[in-house]
Amino acid sequence: MEKTREKMTRMLDEGVVSGILGLRLRHGHPIPYLFTDSASLGDWIVDETNRYLVTKILIRISKKHPDELIGIVVRGCEERSLIELFKNHQLSPDKVKRIGITCSQDLAKRCRCDRPYPSEMEEGERVKPAEDFSDLTEIESLPEEERFKYWMEKFGKCIKCYGCRNVCPACFCKTCTLEDPSLIKPGGMPPEIPIFHLHKAFHMADRCIDCGLCEEACPMGIPVRKLYRKVRKSVKDLFGYTPGEDGDSKGPLEFLGDGSYEPPGVGK
Amino acid sequence: MLSYETVLTTCTYCGCGCGLLLEVLDGEVVGTLPQKDHPVNEGKLCIKGWNAHEFIHDQGRLKKPLVRKEGSLEEASWEEAFDLVVSRLLEIKDGNGPDSIAGLTSAKCTNEENYLFQKWMRVVIGANNVDHCARL
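First to last, the protein sequences are chains P and S. Numbering-wise (the working numbering), the first sequence opens with residue 708 and increments by one. Numbering-wise (the working numbering), the second sequence opens with residue 158 and increments by one.
Hints listed in this document are in silico derivations from the structure and should not be mistaken for laboratory results. Among the clues, some could well be false.
Said to hold, decoys possible - Stretch by stretch, here's where chain P covers chain S in the computed footprint (C-beta under 8 Å, at least three residues): (1) 162–174; (2) 177–189.
Stated by the list, open to error - A few chain P residues facing chain S, derived, Cβ under 10 Å: (3) R733; (4) I738; (5) Y740; (6) N873.
Unchecked claim - Straight line, CA to CA, 25 Å or less: simulated BS3-like cross-link-like pairs of lysine-lysine: (7) S/K265 x P/K867; (8) P/K802 x P/K714; (9) P/K861 x S/K205.
We put the CB at the ideal spot given by N, CA and C, even for glycine.
So that you can see chain P by itself, here it is in the shape it has in the complex:
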C-alpha cells in the first residue's frame, strides 16, 4: 500500500485536504483516526478483519467542520455508503475526497460482496465479485411456517442494544424510526418481535449497501444481514434499484411518501 501512502502524504503536504480518515495502528490495534499531519501516516494501516464505520464517522466530523475538504480511505462497501450519504444530503460530494483501496479475494468471498472494490484506486487489482445468494436460497426453500419460526427464534434473542442501527453507515435520521412511539413501543425489554426488526429492514430497504457491519455488531448473533439482503434483493427485483450505485437516481421508497426519510440535511 506504499503508493497509496505516498499519495496521501502528497495530499496532506500540498494542503489538498485538511485531513484523511483511515485506520491507524495504535498499541497494536487498527482503530479509526483522522490524519492531519503526513508525518503520522507511517501508522496508517489497511486491515481486512477490522472494518469500522468510517463514513459515519465522517458525517460527525463534517457536520462540525462543513468547510473542510476531508479525505477518506474507502473500500467498495464504504464507497457505496458514501454515495448513499451524498444522495441523502448527509455529506457534500465536493467536501469529500475518496482514496480507494481494493479488498482481497478472500475478504470478498467472506462478505459475499458483489463489488469488492471502489471506482478508483491507486494500486492493486480488482478482485472478482463474489455475489452469492445461497444463504437466501437456503432459507427460502423452507416452508413458510418454518421460516417464520426460524426468524422468531433469532429475533427473540435481541437485547435491543441498537448496535445494528448505531453501526449502520446508511443510517442517519435525526429521529430514529426505532424510537418512534407510534411505531414501536418505547422502553422495556424484550423488544416487540418481529416488528422491531422488520421495521428497520423496511426502513433501510432502499439504502442498505450490504456491508454487513450490522451483523458483525450484533452481540446475540442474529443474522440481520440475511434479512437486509433479502429486502435489498426485493428492491432490486421490484424497482431495478441498487443502493450505493453511482448516478443521480434516488431511492424508490423516497417517492412512496412513507415518511421514512428526513428532509435533506437535518440528520445528526
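Model the placement of chain S on the given structure of chain P, informed by the hints.
Chain S alone, transformed into the frame defined by chain P:
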C-alpha cells in the same frame, strides 16, 4: 482546530471488560464505538456500552463530594467529607459492632480497587458484608 481520534479503553459499566473506543472530536468525547479486535466483545456492545461516553461531559456529573447538611446535599471539601466518613464509621462500629456495617462497591472500579475495598472492609472494619452493584 480539526482533530479526530479514537482512544482505546475498557467499558466501566460491568465486570465483562468490553473493549471500547472513545471518539474524541476536537478534544471533546463525542461517542463510543465497540473495539473490533477486542478478545472479550469482538466488535459488539450492549446498550450501556454504546452509551458509555455520555457521563463524561454530563452537566449532572459529580465532581466534588456532597455532604448532607440539614437535609440537603451540599458541596464539601474532600477533607471534610473524609472526616465525616471516618468519624461516623468509627461511631457505628464502636456503638453497634462491625457487623452493623456493610460495603457496596462498584463494577466501575478497577479489579485492584475492588480487591482493596473488600480487604479494607474485612481488616479495617472487621466485617464480611461486601457486595457490589454488578449483579447483572
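Could you tell me which of the numbered hints above are not met by this structure, giving the numbers in increasing order?
none
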